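Novice: Sequence:
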Amino acid sequence: MSDNRIGRFGDYGGRYVPEALVAALEELDEQRSKAMHDPGFLGELAQLHRSYTGRPSIITEVPRFAEHCGGARVVLKREDLNHTGSHKINNVLGQALLTKRMGKRRVIAETGAGQHGVATATAAALLGLECVVYMGRVDTERQALNVARMRLLGAEVVPVDHGSRTLKDAVNEAFRDWVTHVDHTHYVLGTVTGPYPFPEMVRDFHRIIGVEARQQMLDEIGRLPDAVCACVGGGSNAMGIFHRFIDDPDVRLIGLEGGGEGVDSGRHASRFSGQATPGVLHGAFTYVLQDDDGQTIESHSVSAGLDYPSVGPEHAYLKDIGRAEYHPVTDDEAMEAFRLLAQTEGILPAIESSHALAGAMKVGRELGPDGLVLVNLSGRGDKDVDSAARWFGLLPDEEEQS
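Heads up: the sequence shown at position 208 corresponds to 209 in the working numbering, and the numbers run straight through without jumps.
These are calculated hints, taken from the structure and not from any lab test. This one's a predicted model, so the numbers in the text were calculated from it and none came from an experiment. Any given hint could turn out to be false.
[Stated by the list, open to error] BS3-like cross-link-like pairs, simulated, lysine-lysine; straight-line CA separation at most 25 Å:
| # | residue 1 | residue 2 |
| --- | --- | --- |
| 1 | K35 | K105 |
| 2 | K35 | K101 |
| 3 | K363 | K320 |
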């Protein structure tokens with residue numbers, strides 16, 4: 002087991018992996034360090050973002066939704082309009098190009114809500130790579146549409162049947178695959194956690210969200226926001242938009258976690274407001290939902306993408322130094338925000354992003370009519386239509402259909 006001091010955010014981060022993966026991680030770190038200073042690599046990635054992803058993504062002010070936010074102005078950063086429907090494509094295209102650069106022919110990925118799996122399958126098809134995606138059995142059922150999309154794109158989707166059968170177990174299975182096939186396979190990790198250099202690398206590929214959003218707020222709205230809200234599972238979309246605002250002390254950075262049925266219920270995915278304590282999970286030292294014996298506690302959220310017992314180490318650092326704040330949003334609150342945005346603005350958000358919208362409603366009421374809130378709309382809700390329709394009772398239940 003490797004445990005060195007590289008890749009730390011304060012006390013958090015590091016590299017806790019079997020020796021068999023150390024060489025692959027060092028190769029990845031060397032290649033991505035060179036690539037991020039190589040005009041050829043950066044130009045190819047920028048061209049893909051312009052002509053394939055559809056960047057820059059726009060910002061949209063939502064005045065009718067804002068009437069439910071204490072009158073504060075609310076602006077959305079529209080990552081939902083990217084090709085494949087979420088922010089995930091930003092990171093995946095970068096890692097897929099690195100895979101080719103390392104001479105590897107196969108990529109693997111884990112996915113909860115399916116958006117990272119769809120993005121990985123898309124990039125693999127584009128660049129001619131073999132692709133296998135691990136997904137908890139529970140998530141394959143609640144995100145069946147995305148499973149079909151991945152298979153249509155040519156990826157093999159492997160349902161994981163052990164543990165809680167959700168994202169945590171999919172990550173475990175992806176690591177097992179990587180150890181076995183590391184010579185020709187790259188693990189396209191989907192969020193800002195895992196062993197170094199993944200937290201830093203994934204953040205840097207998503208940093209474009211905040212770079213664009215900060216400039217768009219100045220150009221189109223005339224000032225920086227009072228608060229930036231983003232949902233936090235592993236935390237990739239949040240780190241992507243937060244990072245460019247860290248040096249703006251008057252801008253509050255607010256992460257919204259999956260509060261499930263309430264923190265007191267024990268059925269939630271709120272690491273910072275729940276029982277999480279510092280520990281190691283999936284190669285990084287960070288906050289983990291765990292019991293007194295260090296056993297991971299199962300998380301719960303209506304959102305498959307937020308249903309994860311750990312969080313990226315840079316978020317743990319930002320929380321400890323007080324630069325970012327994190328709050329839970331219950332399933333009920335998130336689904337009410339989903340309904341409101343759909344019916345006031347004609348935009349179906351992903352259930353993950355609905356947690357950020359619910360947070361914006363609370364923050365807007367704190368700030369009042371002079372407030373300005375920027376929300377990262379990290380994904381669109383096409384994949385969640387079935388779940389949302391059932392939540393609101395718009396589909397006949399199985400008994401009625403039989």
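Novice: Each hint needs a verdict: does it hold in this structure or not?
Specialist: Structure-based check of each hint:
1. A hinted pair counts as satisfied when its Cα atoms are at most 25 Å apart, and K35 with K105 qualifies at roughly 17 Å.
2. For the given pair, K35 sits about 14 Å from K101 by alpha-carbon distance, which is consistent with the 25 Å threshold.
3. Under the criterion of a C-alpha separation no larger than 25 Å, the hint pairing K363 with K320 is consistent with the structure, at around 19 Å.
In terms of the numbered hints stated before, the structure departs from none.
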